[in-house]
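Q: Work from the hints to combine the two standalone chains into their complex.
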Amino acid sequence: MIGLIVRRLLQAVPLLFAISLVAFVLVRLSGDPMSMYGANAALSAQDRARIIAAHGWDKPKIVQYFYWLRDVVRGDWGTSLYTYRPVTVMIWERLPNTLILMGTVYVIVVLVSVPLGVYSATHRYSAWDYVINGGAFFSFALPTFWLGLVSIMIVSVKFQQWGLPHLPAGGMYNLQRGESVGQVLLHLILPAAVLSIVSLAGYVRYLRASMLEVLRQDYVRTARAKGVPEARVLWTHVFRNALLSLVTLMSLDAARIFSGALVTEQVFAWPGMGRLFVENAARADYPVLMGLIMAVSVLVIVFNLIADIVYGYLDPKIRFG
Amino acid sequence: MAKAAGALAQGRERRPGHQRSGPSLWARYARHRGAVLALGVVTIVVAIALLTPVLVPQAAAIQPHPQNMLHTPDAAHPLGTDEVGRDILARLMYASRISLTVGVLAMLVSIGLGVSVGALAGYFVGWVDTVLMRFTDALLSIPVLFLLIALAVVLGPSVRTLIVAIGALSWMELARIIRANILSLREREFVEAARAIGAVDLLIIARHILPNTFGPIVVAGTLNVGNAMLTEAAVSYLGLGVQPPTPSWGNMLFNAQSYLWNAPWVALYPGLMIVVTVLAINFVGDGLRDALDPRRVEG
Chain Y
1 MIGLIVRRLL
11 QAVPLLFAIS
21 LVAFVLVRLS
31 GDPMSMYGAN
41 AALSAQDRAR
51 IIAAHGWDKP
61 KIVQYFYWLR
71 DVVRGDWGTS
81 LYTYRPVTVM
91 IWERLPNTLI
101 LMGTVYVIVV
111 LVSVPLGVYS
121 ATHRYSAWDY
131 VINGGAFFSF
141 ALPTFWLGLV
151 SIMIVSVKFQ
161 QWGLPHLPAG
171 GMYNLQRGES
181 VGQVLLHLIL
191 PAAVLSIVSL
201 AGYVRYLRAS
211 MLEVLRQDYV
221 RTARAKGVPE
231 ARVLWTHVFR
241 NALLSLVTLM
251 SLDAARIFSG
261 ALVTEQVFAW
271 PGMGRLFVEN
281 AARADYPVLM
291 GLIMAVSVLV
301 IVFNLIADIV
311 YGYLDPKIRF
321 G
Chain L
1 MAKAAGALAQ
11 GRERRPGHQR
21 SGPSLWARYA
31 RHRGAVLALG
41 VVTIVVAIAL
51 LTPVLVPQAA
61 AIQPHPQNML
71 HTPDAAHPLG
81 TDEVGRDILA
91 RLMYASRISL
101 TVGVLAMLVS
111 IGLGVSVGAL
121 AGYFVGWVDT
131 VLMRFTDALL
141 SIPVLFLLIA
151 LAVVLGPSVR
161 TLIVAIGALS
171 WMELARIIRA
181 NILSLREREF
191 VEAARAIGAV
201 DLLIIARHIL
211 PNTFGPIVVA
221 GTLNVGNAML
231 TEAAVSYLGL
241 GVQPPTPSWG
251 NMLFNAQSYL
261 WNAPWVALYP
271 GLMIVVTVLA
281 INFVGDGLRD
291 ALDPRRVEG
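Chains as they are written, first to last, in my numbering: chain Y, 1 to 321; chain L, 1 to 299.
Any given hint could be a false lead.
[Unchecked claim] Okay, the calculated beta carbon distance ranges per label pair:
1. Y:217 / L:211: 30 to 38 Å
2. Y:134 / L:203: 30 to 38 Å
3. Y:231 / L:116: 26 to 34 Å
4. L:85 / Y:34: 33 to 41 Å
5. L:68 / Y:63: 16 to 24 Å
6. L:255 / Y:82: 22 to 30 Å
7. L:245 / Y:6: 35 to 43 Å
8. Y:17 / L:128: 18 to 26 Å
9. Y:182 / L:258: 48 to 56 Å
10. Y:134 / L:104: 21 to 29 Å
11. Y:82 / L:73: 40 to 48 Å
12. Y:219 / L:180: 19 to 27 Å
13. L:104 / Y:279: 30 to 38 Å
14. L:203 / Y:45: 54 to 62 Å
[What the hints assert, rightly or not] Covered stretches of chain Y, as calculated for chain L (at least 3 residues, CB under 8 Å):
15. 17-26
16. 107-114
17. 178-190
[As the list claims (entries may be wrong)] To be clear about the criterion: a stretch of chain L counts as covered by chain Y if any three or more of its residues have a C-beta under 8 Å from a C-beta of chain Y, and this derived list gives those stretches:
18. 79-88
19. 101-108
20. 126-140
21. 210-218
In short, the hints are calculated from the structure, not lab data. Nothing here was measured: the structure is a model prediction, and the numbers come from that model. Built from N, CA and C at the ideal position, the CB exists for glycine as well.
Next up, chain L with everything else stripped away, as it sits in the complex (with noise of 0.2 Å):
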C-alpha cells in the first residue's frame, strides 16, 4: 500500500503545472528566438482581432460603395477598396475575428475528439481499441476536403458549420499520438498503483494518464488551430463556407480571381495574413515543442 501511494505521488509528480526541476517552461521556450517572435506576432494578431469593434465601424466592412469600386490604395484606403467598393483595411481587420475564431473553437473541438477516442483506444485496447482505430483509419482514408464539402452543404455553410464540420475532421492525428502515449502509459507503476487501491477507470485516465500526455496535445492543438485557419480559408474561397457579407480571409478572395488583371491587391493581402498569423501559430507550437519535451533532440 505504501508503494502504490509513493508510485501515485511519483505519477502525480509529473503533472504540469506542478513545478519540476531545471529551468522554467518559459526559459525553455525562450531559448528560441524565433518562437518568442512568432508569439509577438501572435499577441499583435489576437489584439487587433479583440480591439476591431471599437477601431473601425462595422459598416466600413460590409456596406458596399459602388463608387469607390476597386479603388488603388490611397490615404483613404491604405490596402485599397475591393470589386464593391469595401475598404480592404476594415475588411481584413473584420476578418482576422471569424478566422481566429474558426481557428481556436475548431482546434477545440478537435482536441475533444481525438483526446477522447485516444485515450479510450489506448486505455481499453481489446475490441474498443479495435473498432476506434479502424474509423480513424477510414476517416484518414478519405480526402478531408471532400467530406468538409458535403458537411458543409448539410449544415448550411456558416462560420459555426465549420467550426463543427474542421474540429470532427481534423482529429485523428491526436488520436493516434494520444493512443500511443497511452499505450506506453497504462503499462507505468503509477497507474498499476492507482488500479491497485481500486480507483475506477475513467477517473485513472482523466486524473493520472492524460495529464501526462499534456505535451503533445498542446503543441497538436497548437498546429490544429493553424490547420484550421487553413481550411477555413480554402473551404471559404471555394464559397462553401464563411458567407458574404461577412468577410473572412478565405472568403475575400472567391471573387478576387476574376480581378487579377486589373487589381491584383484584392487577392494579395488576405493571403498574406493568412500565411503570416498561421506561420507564427506553427513557430509558437514548435517552440512549445522543444520547451515540453526536454528529451527531445534538438532537430
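Chain Y on its own, in the form it takes in the complex (with noise of 0.2 Å):
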C-alpha cells in the first residue's frame, strides 16, 4: 500500500510540472501586470523600468516560469501583486471554505445518488424508475448558476416577501451575528444542495448503468441459481462490484465539481478559493492565480489516490503489494 502511495506520488510529479508550465504561460499572457500602475504620472518612465526589471518582467515568459518555479522549489509561493500578502496565506484563508462546500456536496451526493440508483436499477422500468431518470436528465442541462439564481430567488428572497423562513442569500456568515458554526451551516445550505442537484445525475445514471451491467453477469446467475437469497445477492455481489464503478466516478469527478464549486462560490459570495480565482483573473495578479490553479491540481491528485487506495480495499481483484 506505501509502494503505491510513493509510485503515484512521484508519477504526480511531472504532471505537477507540465500543469504549471502550461498555466505559467496562459496566466502570464492574460495580462501586463504594469497595467495596474495605470497612467500614473508620478511614476517615471525610468521607475517603471525599474519595476519591470526587479520582476523580472523584461525577460521571456519561460525564463519567468522557471524564476517562478525557482521561489516555488524553495517553498516561496510569491506575494500579491495587488495586495502584497503572501500568497499561502491567501489561499489557506480560501482552501478550508471550498473543502467545507466540496465536502458537504460529496456526502449528499453518495447518500443521495446510492440508494436512487441502485432502487431504478432493481426496479427497471417502473414508474419511479422513469422519475429517476427523467430528474437525472434534467438535472443535466440546468446550468449550475441559474440554479442557484433562481433557489435564491425562491427561498431567500420570494419566502421573505411572504414572511416564512428563509436562508440567507450569500456569504458565509451573517455579519451582525458574527461567525459561528450554526452560521455557517445555514449558509452553507443552499450552495451545497444547488451544487449536489447539479452533481447528482451523473452518479445516479453510472451506478444505474454499472449495477445493470453487473447483474447480467454469470457469477449472478450462478449466486441465483444456488438459491442465494435475492437480497444476499444484490448486496454481496452486485453492489459491492457497483460501488467500485462509483469510486471511480468520484475521483474522475474531482476536477469537475471544482469547477461547479467556482461558479457556484461566485453565485452565492462564497468566500472559497474559485471566488479568489474569479476576482483576480482579470488582473493579472499571476503568483496568485498560479497558486490556485497548482493547489486546486495538488487537490485532484490527492482525492485521484484517495479513490485509488479506496478502490483497492473494495475490489477483492486488485490486492497492492
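A: In C-alpha cells:
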C-alpha cells in the first residue's frame, strides 16, 4: 500500500510540472501586471523600467517561469501584486471554505445517489425508475449558476416577501451575528444543495448502468441458481461491484466539481478558492492565480489517490503489493 | 490477396451510409418518442434563431430605453424588459443565435481535436500513445473552468475566443473513447488486410478505422453541443464571455442577480431557454446513441 502511494506521488511530479508550465504561460500572457500602475504620472519611465526589471518581466516568459519555479521549489509562492500579501496565506484562508462546500456536496451526492441508483436498477422500467432517470436528465441540462439564482429568488427573496422563514442569499456568516458553526451551516444549505443537485445526475445514471451491467454477469446467475437469497445477491455480489465504479467516478469527477464550486461560490458569495480566482483573473495577479491552479491540481491528484486506495479495499481482485 | 480484399470489403461494408440490414437509422431513432419530440424542440429553436433577423429588428435587442427599465411583462413586452429597458424576448431570440453558434462550433473544434488525438494515440500505441494520453490526463485533472477563464482573459473575451477555448478544453473524453475503440479496431482483419496490401497508416486511419467509430463521435458531438452551451453560459455569467451589448443566454444573467427582489423575470427566462435547449439536445444525443448502437442493451 505504501509502495502504491509513493509510486503515485512520484508519477504526480511530472504531471504537476506540465500543468504548472502550461498554466504559467497562459496566466502570464493573460495581462500585463504593469497595467495596475495605469497612467500614474508620479511614476517616471525610469521607475517603470526599474519595476519591470525587479520582477524580471522584461525576460522571456519561459525564463520567468523558471524564476517562479525556482522560488516555489524553495517554498516561496510569492506575494500578491495588489495586496502584497503572501499567496500561501491568501490560499490558506480560502482553502477550508472550498473544502467545506465540496466535502458536504460529496457526502450528499453519495448518500442520495446510492439509494436512487440501486432502486432504479433493481426496479427497472418502474414508474419511479422513469422519474429518477428523467430527473437525472433534467439536472444534466441545468446551469449551476441559474439554479443558484432561482433558488436565491425563491428560498431567500420570495420566502422573505411572503413572511416565511428564509435562508441567507449569500456569504458565509451574518455580519451582525458573527462567525459561528450554526451560521456557517445556515449559509451552506443553499450552495451545497445547488451544487449537489447539479452533480447528482451523473452519479445516479452511472450507478444504475453499472449495477445493470453486473446483474447480467454469469456469477450473479450462478449465485441465484444455487439459491442465494435475492437480497444477498444484490448486496454482496452486485452492489459491491457497482460501488467500485462509483469510486472511479468520484475521482474522475473531482476536477469537474471544483469547476462547479467556482461558479457556485460566485453566485452565493462563498469565500472560497474559486471566488478568489475569479476576483484575480481579470487583473493578471499571476502569483495568486498560479498558486490557486497548483493548489487545485494537487487536491485533484490527492482525491484520485484516495479513490485508488479505497478502490483497492473494495475490489477483492486487486491487492496492492 | 483475395482474402485480404474480402476482409477489406467487410470493413468497408460496416461504414455508415452504406445500407445495412435491419430497420433504418430513422426507424430505430423514432422508437424513442422522447427523442423525436426533442428533435422537434431543437428544430424549432434553430428555426427561430435563423429567422430572428427577419422577425425582430436588431435594435430592439441592443438599443437601451432607460424610460422602459424593468417593465413587467405586458402586451408590448411579452417577457418584460431588462435593467436598461431592452425587450427580453428580442434579446432571448438574438441570444439564441450566439448560444447555438458557440455550441455547434465549439463542438466541431472539440471533435476535430478529440478524434485526432484519440486516433493517433490508439493507432500508433507506443510513446505517441503515452505522451498524448498523459497530456489528456493532465488536462482532465485541472478544473477546466480555471483554464477557460485564463484563456478567455488571454485572448480577450469574445465569441471567437469562447469557441476556440471551449473546444480546446472539451475534447479529452472523446479522445479516450476514440482511442479505446481504435485499440480494438486496429487488431481486426480488415485493418490487417489494408496493411497487407500496403496502405499508408494515415489512409488506414482515415478510410478504414475512423468510419467505424462514427457512432461514438456523433453521440459525443451532440452531447458536447449542450455542454459547450452550458459552459458558454457560465463564463458569460461571470462576465468573461460574450460581451454586452451582444446578448447571450449567459450574459443576460450577468446583472440579473441585482434585480432578483423586484424583477425576477430578468433571471428566469434566459435560464429556461438554456435548460429547454440543452435538455432537448441531450435527448437527441441519447436517442442517437440507442439508434446507432444496436448492440447496446436498452438501459
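Q: If a hint holds in the structure, say so; if it does not, say that too.
A: Hints and how they fare:
1. Y:217 / L:211: 30 to 38 Å: 32 Å, holds
2. Y:134 / L:203: 30 to 38 Å: 45 Å, violated
3. Y:231 / L:116: 26 to 34 Å: Between residue 231 of chain Y and residue 116 of chain L, where Cβ atoms are some 49 Å apart, the hint is violated.
4. L:85 / Y:34: 33 to 41 Å: Holds: the Cβ-Cβ distance is about 39 Å, inside 33 to 41 Å.
5. L:68 / Y:63: 16 to 24 Å: 55 Å, violated
6. L:255 / Y:82: 22 to 30 Å: 25 Å, holds
7. L:245 / Y:6: 35 to 43 Å: The hinted range 35 to 43 Å is violated for residue 245 of chain L and residue 6 of chain Y, with Cβ atoms some 56 Å apart.
8. Y:17 / L:128: 18 to 26 Å: At 20 Å between Cβs, range holds.
9. Y:182 / L:258: 48 to 56 Å: Given range 48 to 56 Å: violated, Cβ gap about 28 Å.
10. Y:134 / L:104: 21 to 29 Å: 26 Å, holds
11. Y:82 / L:73: 40 to 48 Å: 43 Å, holds
12. Y:219 / L:180: 19 to 27 Å: Distance hint for residue 219 of chain Y, residue 180 of chain L holds at roughly 25 Å.
13. L:104 / Y:279: 30 to 38 Å: 32 Å, holds
14. L:203 / Y:45: 54 to 62 Å: Since the Cβ atoms of residue 203 of chain L and residue 45 of chain Y sit about 60 Å apart, the hinted range of 54 to 62 Å holds.
15. 17-26: Contact hint for the region 17-26 of chain Y vs chain L: holds, 5 residues under 8 Å.
16. 107-114: violated (count 0)
17. 178-190: violated (count 0)
18. 79-88: violated (count 0)
19. 101-108: violated (count 0)
20. 126-140: holds (count 5)
21. 210-218: Violated, because only 0 residues of the region 210-218 of chain L bring their Cβ atoms closer than 8 Å to Cβ atoms of chain Y.
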